[in-house]
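Trainee: Residues per chain are reported as follows:
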Amino acid sequence: MTSTLRIVIVGGGSAGWMCAAACAQVLPPHRYSITLIESDEIGTVGVGEATLPALKDFNDLLGIDESEFMRETHGTFKLGIEFRDWDRRGQHYIHPFGSFGQLWGGVEFQHHWMRARERGLNPAPLEEYCGAIAACRRNAFDFPDTRSIRSTFYGYAYHFDAGLYAGFLRTWAIARGVQRIEGQVVGVAVNGESGNVETLTFKSGETLTGDFFVDCSGFRSLLLGEKLQVPWEDWSEWLPCDRAWAVPCERSADFTPFTRSIAQKGGWIWRIPLQHRTGNGHVFSTRFISEDEARATLLGQLDAPAQIEPRMLRFRAGRRAQAWRKNCVALGLASGFLEPLESTSLFLIQKAVQDMLRLIPAPESRGSDARLTREFNRQSDALYERIRDFLILHYVANRRVGEPLWDHVRSYPLPESLTHKLALFGSRGHVPYFKDGFFSRDSWLAVLFGQGLMPRTYDRLAEFMAVDQLAEKLRDLHECVATHAADMPTHAQLIARFCGQPPRSRAVST
Amino acid sequence: MSAPGHLAPRHLIVVGADAPAWLSACVLHYALAPAGVNVSVVELPSRLRPADLYASLPALEPLHTRLRIDESKLIGATRGAFTLGTMFTDTGGAPSFFHAYGSTGARIDKKEFLPHWIKARRAGFAVEFGEFCLTASAARHGRMLVPDAELESFGFTDYGYHLPAIPYAALLKQWAMRRGVLLHPARLAAARLDASGAIAGIDVDGRFVAGDFFIDASDDALLVGTALGVAAESWRSSFLADRALTAFAAPLPAPPVYSEVRACSSGWVALRASQACTHLLHAYSSESGSDDVALQTAARVARMDLRDATIWTLEPARRAHAWERNCVAVGAAACRFDPLHSVELQAVQIGLVHLLPLFPVAADHAVEQAEYNRNVGAAFERIRDFQVAHYLLNRYGESTFWQRARATPPGAALAHKIDAFRARGDVISYEDETFAIDDWQALLLGHGLLPESYDPAVDRTEPALVEREFRRILDFIRKKVSGQMTHAEYLQTVCASPHAGASSAARRIS
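Taken in order, these protein sequences are the chains called A and B.
Throughout the first sequence, residue numbering follows my numbering, covering 1036 to 1545 in sequence.
Throughout the second sequence, residue numbering follows my numbering, covering 26 to 535 in sequence.
With the rest of the complex left out, here is chain A (with noise of 0.2 Å):
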């Protein structure tokens, strides 16, 4: 018996490259070992990749540098995601990584816009009240500073390609003691007494040994799907869309600051701008749009000529009933998918591997503690339902009438969670806060107004204040979003300050 843990990881694309590497920096060498297996024969389903403003706090866990990061990943900086005809054709929102307004006397800004509206002092749109929109508007970044606040407080997350960023992290982790198999798993073998995976064959005859498995196998889920026979909980109804084409385009003049999303007929084309190119996808559903359609709407909507032949995933939303069982736990596609309207992909990877390395049964006990396991278990079910709310949101709140894909999701039963939360934001534009799980109340908000829900009325504890000093607080406030958007430099100018490479394509609009 040694006094290591043999952590073997099964699979090397986003998600096994995150666990490795985060393994390598945060466990202890002499208690742990890290293996991973991948196999050159299957290809990783990354693409042009958009992410929540989590992954700074996971590549500052590695101590990785910033700019080195964006330079050696194409990155580029992002403060929300743009959703074009959502609600309806014509309709345009964004939702930021930042807040709406500010808390006066305690109480949220969207009572104190709703009844400056009421009382017909004739607010701005919401949205001129948020200065990470104001910025996007503008196609502007720069770092959010956090000693002088100068209007409201925002973050930020990137887009870059996530098939480098997980090449960047295996050399990363490889430097720092991740011992690399190249192989294809072709049998897994299970302890007949404490059912724990043990043993695990290539294809080439070899077999290699393991007291903790972390499946990373993507959709085919090697492991706990296929082997330990976890169920797959099918979220299909609420969300049918269930292929995606992929295809990168060169850079365009739009140079944004935000990923955009795009609502179509049978699903959503999503736009992610790199350094050097700008990834395009069509996320639809076979049961409203065929998959040679979808091909050509996509071709037809790119900014600029396709580099390639556009390639088509397919997927199914829903996630397996249990994450993590035994002495296996699946990361990413492995255990669940919920398609990248949101960029949450990369998110709940992270959130895993977080909650992994916090619960990782210690050495002596052989890979399996069922009172870790489960709160890991409560922690994923909280984050995946959580998610999967908000993502229906997106798409019930339309009024597209008469569109098949768009009438189903609109008449569809919701959960009860969902219809819940709609209930109390139309009664009074409240929106609970939780501990656990994601997304914001910030986040909530933008989606509910963006989608066209408007409150029946406002909080009355926003009562306090007279009517013309909240005329007068929401003017300055405007003022401030306005002028502290037009002091950044552009997103063009800031990469090519901090992070860039000469341009390749066309030149950068300033």
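Honestly, the hints are just simulated from the structure, not real lab data.
Where a beta carbon is used, it is the ideal one built from N, C-alpha and C, also for glycine.
Heads up, some of the hints might be wrong.
Lysine-lysine pairs mimicking DSSO-like chemistry, simulated, CA-CA at most 30 Å apart [said to hold, decoys possible]:
#1 B:Lys135 / A:Lys1091
#2 B:Lys136 / A:Lys1470
#3 A:Lys1091 / B:Lys136
#4 A:Lys1470 / B:Lys135
Far from chain A, by Cβ distances over 10 Å, these chain B residues were calculated [claimed, not checked]:
#5 Gly117
#6 Glu156
#7 Asp173
#8 Val234
#9 Leu339
#10 Arg350
#11 Glu393
#12 Glu406
#13 Gly473
#14 Thr518
Please build the complex by placing chain B on the supplied structure of chain A, with the hints as guidance.
Mentor: Okay, now just chain B, sitting in the frame of chain A:
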């Protein structure tokens, strides 16, 4: 469009007595008067016993601040005192521990303190976890701890009050009446229902007082229970103490700046200092002996002569839901807690703080009601869990009371929390917790629950660094404590100057 919220409640009637009724009136008037809501109180005869005292949790201070209740006035008028937490001791000799209102230790190598301590402890380290708590250390040495910049950078510290219940209720009543809350003194009161089954008003000694929204702050749930028929669910199976006794004892020469709870064979005895005297509370099981025996026990355990003893029955129970139709129950009408942690005021505060952002803005408020009942119900359960854990994990010998207490059924949420802590030293913090991670750590470790493993990340920290940091923290605590005023000195300072109250640098906003 009709005037916003014209069907929202305007006439709010609080029915009850003492601090629950008057705190409700103060808070609701403060928050809702600007919205045109008028508040009146149907005041029932007081149920307070002479020696009743509230040992408040830290959250009360920021609430007072919002109401502009001056701390020096509060302490002066009630002859109350400060408290930094509770010391739990045992007449049978089990180790004592402190549940202090502050954090323990400080981060080492950017990692939490507790796993470092668990690792050291498992290797034979002799210094108790509680020794690393600055707040507890100050309390043990009779020193008040006033937050300042240096303390803030070290950790979190806060304080509560010992408030004699009769003068505290009088102070709140005076505050409310001065600001225009209307008083209807009542010997008897009964709710009258309208045709729909909601409350139309209150019959007060033959007079009818009409209202459109009601707060049931009565001791026996006159409105929500008697009139509206919401049943109470007994918590008897979780709590063995069914009798309680309060009495006065002589003041101690140097008033302790904490509560002390002494376990004895039939239950426990709490000793809490005000400026005038010592307030004693003895909770016990009637199966362990008669009330006469209890009085003798209380005096023996306190080692003091007692006067003005009053005895009553404890019936821990929670109302199935606190908000029914147009009536919200707060305090004992909503939930009767075991008296161990003196959470009565805190429970009132929870009820009010949750009500404010959900107070009806229209005649229809079903969704607000559902949200409120779920959150407040959960908050009460989490407090119950904290109390149950104390009984369940006790090491107070083989008397029938404490032996049976060790068999208390924990419920699923608490069982999982204890399991996860035992396995990894990780405190699971659910939604709606009143007691924070620091509180749970103090409780679980205080009862001797040493986790079997710890966050593996700390194995990467040099042992020499950990040793150095342990010493530095203990030195800091020693120095800091010796520089603080004694509780007696501090009381004098606070009462002498109207604005010398501790500025709470570290606040729990709740």
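Trainee: All hints are to be evaluated individually against the structure, with a verdict given for each.
Mentor: Hint check:
Of the supplied pair hints, the one linking B:Lys135 and A:Lys1091 holds, its CA atoms being roughly 17 Å apart against a limit of 30 Å. With a C-alpha separation of about 21 Å, the suggested pair B:Lys136 and A:Lys1470 falls inside the 30 Å cut-off, and the hint holds. Under the criterion of a C-alpha separation no larger than 30 Å, the hint pairing A:Lys1091 with B:Lys136 is consistent with the structure, at around 18 Å. Taking the CA atoms of A:Lys1470 and B:Lys135, the gap is near 22 Å; set against the 30 Å cutoff, the hint holds.
Non-interface status of B:Gly117 relative to chain A is upheld: no Cβ of that chain comes within 10 Å, the nearest being about 31 Å off. With a least beta-carbon separation of about 26 Å from chain A, B:Glu156 lies farther than 10 Å from that chain, consistent with its non-interface assignment. B:Asp173, annotated as away from the interface, keeps every beta carbon of chain A farther than 10 Å; the closest lies near 22 Å. With a least CB separation of 23 Å from chain A, B:Val234 remains clear of the 10 Å interface cut-off, as annotated.
The beta carbon of B:Leu339 sits about 32 Å from the closest Cβ of chain A, which is more than 10 Å, so the claim that it is off the interface holds. Consistency note on B:Arg350: stated as away from chain A, and its beta-carbon is indeed over 10 Å from all of that chain's, at 17 Å minimum. The Cβ of B:Glu393 does not lie farther than 10 Å from every Cβ of chain A; its closest approach is about 7 Å, which violates its non-interface assignment. Listed as outside the interface, B:Glu406 is consistent with that label: its C-beta sits roughly 15 Å from the nearest C-beta of chain A, beyond the 10 Å cut-off.
Every C-beta of chain A lies more than 10 Å from that of B:Gly473, the closest at about 18 Å, which supports listing it as non-interface. Against the 10 Å criterion, B:Thr518 stays outside the reach of chain A, whose nearest CB is about 30 Å from its own CB.
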